[in-house]
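Novice: The whole structure should be built from the sequences, with the hints applied where relevant.
If you read the protein sequences in the order shown, they are chains A and B. Numbering follows this note's numbering, in which position 118 of the first sequence is assigned residue number 118; successive positions increment by one, without gaps. Numbering follows this note's numbering, in which position 40 of the second sequence is assigned residue number 330; successive positions increment by one, without gaps.
Mixed in with the good hints there might be a few duds.
Here are the simulated lysine-lysine pairs, DSSO-like style, with alpha carbons at most 27 Å apart [as the list claims (entries may be wrong)]: (1) A/K15 x A/K263; (2) B/K413 x A/K68; (3) A/K22 x A/K5; (4) B/K391 x B/K413; (5) A/K114 x A/K147; (6) A/K15 x A/K31; (7) A/K159 x B/K391; (8) A/K15 x A/K5; (9) B/K413 x A/K159.
Just so you know, the hints here were simulated from the structure itself, not pulled from any lab data.
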Amino acid sequence: MPSLKDLKNRIESVKSTRKITKAMQMVAAAKLRRAQDAAESARPYTERFNAVMAGLASGAAGSASAPKLLSGTGSDTVHLLVVMTAERGLCGGFNGNIAKLARQHAQKLLADGKTVKVLTVGKKGRDAIKRDLGDHFVGHIDLTEVKRVGYLDAQGIAKDVLGRFDAGDFDIATIFFSRFENVVTQHPTALQVIPAQFETADDADTTLYDYEPSEDAILADLLPRGVSTQIFAALLENAASEQGARQSAMDNATRNAGEMIDKLTIEYNRSRQAVITNELIEIISGAEAL
Amino acid sequence: MANLQFDLVSPERRLASLAASEVQIPGADGDMTAMAGHAPTITTLRPGVVRVVHDGGADEYVVIGGFAEITASGVSVLAERALPKDEVTQDSFNAMVEDAKAAYATAQDTFENEPGPVDDAAKLISDMVAMGGHIGLSSAD
Chain A
1 MPSLKDLKNR IESVKSTRKI TKAMQMVAAA KLRRAQDAAE SARPYTERFN
51 AVMAGLASGA AGSASAPKLL SGTGSDTVHL LVVMTAERGL CGGFNGNIAK
101 LARQHAQKLL ADGKTVKVLT VGKKGRDAIK RDLGDHFVGH IDLTEVKRVG
151 YLDAQGIAKD VLGRFDAGDF DIATIFFSRF ENVVTQHPTA LQVIPAQFET
201 ADDADTTLYD YEPSEDAILA DLLPRGVSTQ IFAALLENAA SEQGARQSAM
251 DNATRNAGEM IDKLTIEYNR SRQAVITNEL IEIISGAEAL
Chain B
291 MANLQFDLVS PERRLASLAA SEVQIPGADG DMTAMAGHAP TITTLRPGVV
341 RVVHDGGADE YVVIGGFAEI TASGVSVLAE RALPKDEVTQ DSFNAMVEDA
391 KAAYATAQDT FENEPGPVDD AAKLISDMVA MGGHIGLSSA D
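Specialist: Spelled out as structure tokens, the structure:
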């Protein structure tokens, strides 16, 4: 049975925890709005880009001279998994879910006898991956210093990935990130970026374009940019998801702390009354004994 | 006569979406001016200035990398980096030229015996310097 003083201390400590989680929730909510705006303003570029690329790619896919980024290296034995997570924790299952998806993917590939290499973006993912897939870990890109992800950060990651591809380090690259749906739902997603895949819309316009300089040259120029674009979109989705996940996690934590305070307060009052009753009994029985 | 839909988007934001009468684009093979009814064309961009003429006057944007999609009724410019001309300062221009020079150095290191990428990187620098001259900024050598 904890003493009255212990209970009082616990209540105070839970109260200050609640204050912190409440503050974190509000900060996450504000950051979420900004992250959503950023994701929103990046959408037109990504959509137009993919539309044009899909048109170009469907024309070039058949030809033997198609760039490797589009047609692949011809084999699928070495897979690069780019696992993108947050730099910070305390955001519910956000980091864990992405790492789990990547791990399952890796285990399936390993069971099929493929070689797996893992590149991580984000400190939390690196920690989780190093624990389970330490042997396959090939590199980490640090974004700790980055306050707001910009296109340059995505370009940096893409450059790293493309450099490895040009060096023949892998055949297929897949990125793992969390797609933002709303504050309570984020979907861990795997997306293959090399060789590039484009969804061809059914109602794709069949305009015949003139290409300057040439179709091949444009394709060769745009494919590496496509990788950056997809990574950038993924980074933005991730940023929004992270804040969303943190907001709901902190909301839960605040509520739990509130419940705990209520419970502890009841216990505190009960013990206080018990102490008073005890004292009364002692006084009364003392008086009776006289 | 503003009957050409002009869109300029960069990965980070949409810079312009308006009705224009003509758009001048720094294509990889040379400048071109698109007006309504232009043949559908896709061209890559070299660093340069996009000039948009509309009812209220003309706007200029500095663009680096990317491509433009021209149709009979509109022009979309998807630039990797784009800034309104007024926002380009000597400092940010210098930074861009530095980037191009760094890319040239890497290209020289990586592709020692292949002229293609090195020439491309060299062309990027000269395009960049030419663009600077066009908008009244000098490149410090």
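Novice: Look at each hint and say if it fits the structure.
Specialist: Outcome of the hint check:
1. As the CA atoms of A/K15 and A/K263 are separated by approximately 12 Å, the hinted pair is consistent with the 27 Å bound.
2. Our distance criterion of 27 Å between C-alpha atoms is met by B/K413 and A/K68, whose separation comes to about 25 Å.
3. Simply put, A/K22 and A/K5 have alpha-carbon atoms about 26 Å apart, close enough for the 27 Å limit, and the pair holds.
4. A C-alpha spacing of about 11 Å is found between B/K391 and B/K413, which places the hinted pair at or below 27 Å, so the restraint holds.
5. Distance check on the hinted pair: A/K114 and A/K147 sit about 37 Å apart at the alpha-carbon level, beyond 27 Å; violated.
6. For the hint pairing A/K15 with A/K31, the CA-to-CA distance comes to about 24 Å; that is within 27 Å, so the pair holds.
7. For the proposed pair A/K159 and B/K391, the alpha carbon gap of about 17 Å is at most 27 Å, so the pair holds.
8. Taking the CA atoms of A/K15 and A/K5, the gap is about 15 Å. The hint holds against a cut of 27 Å.
9. Using a Cα cut-off of 27 Å, the hinted pair B/K413 and A/K159 holds, with the two alpha carbons roughly 20 Å apart.
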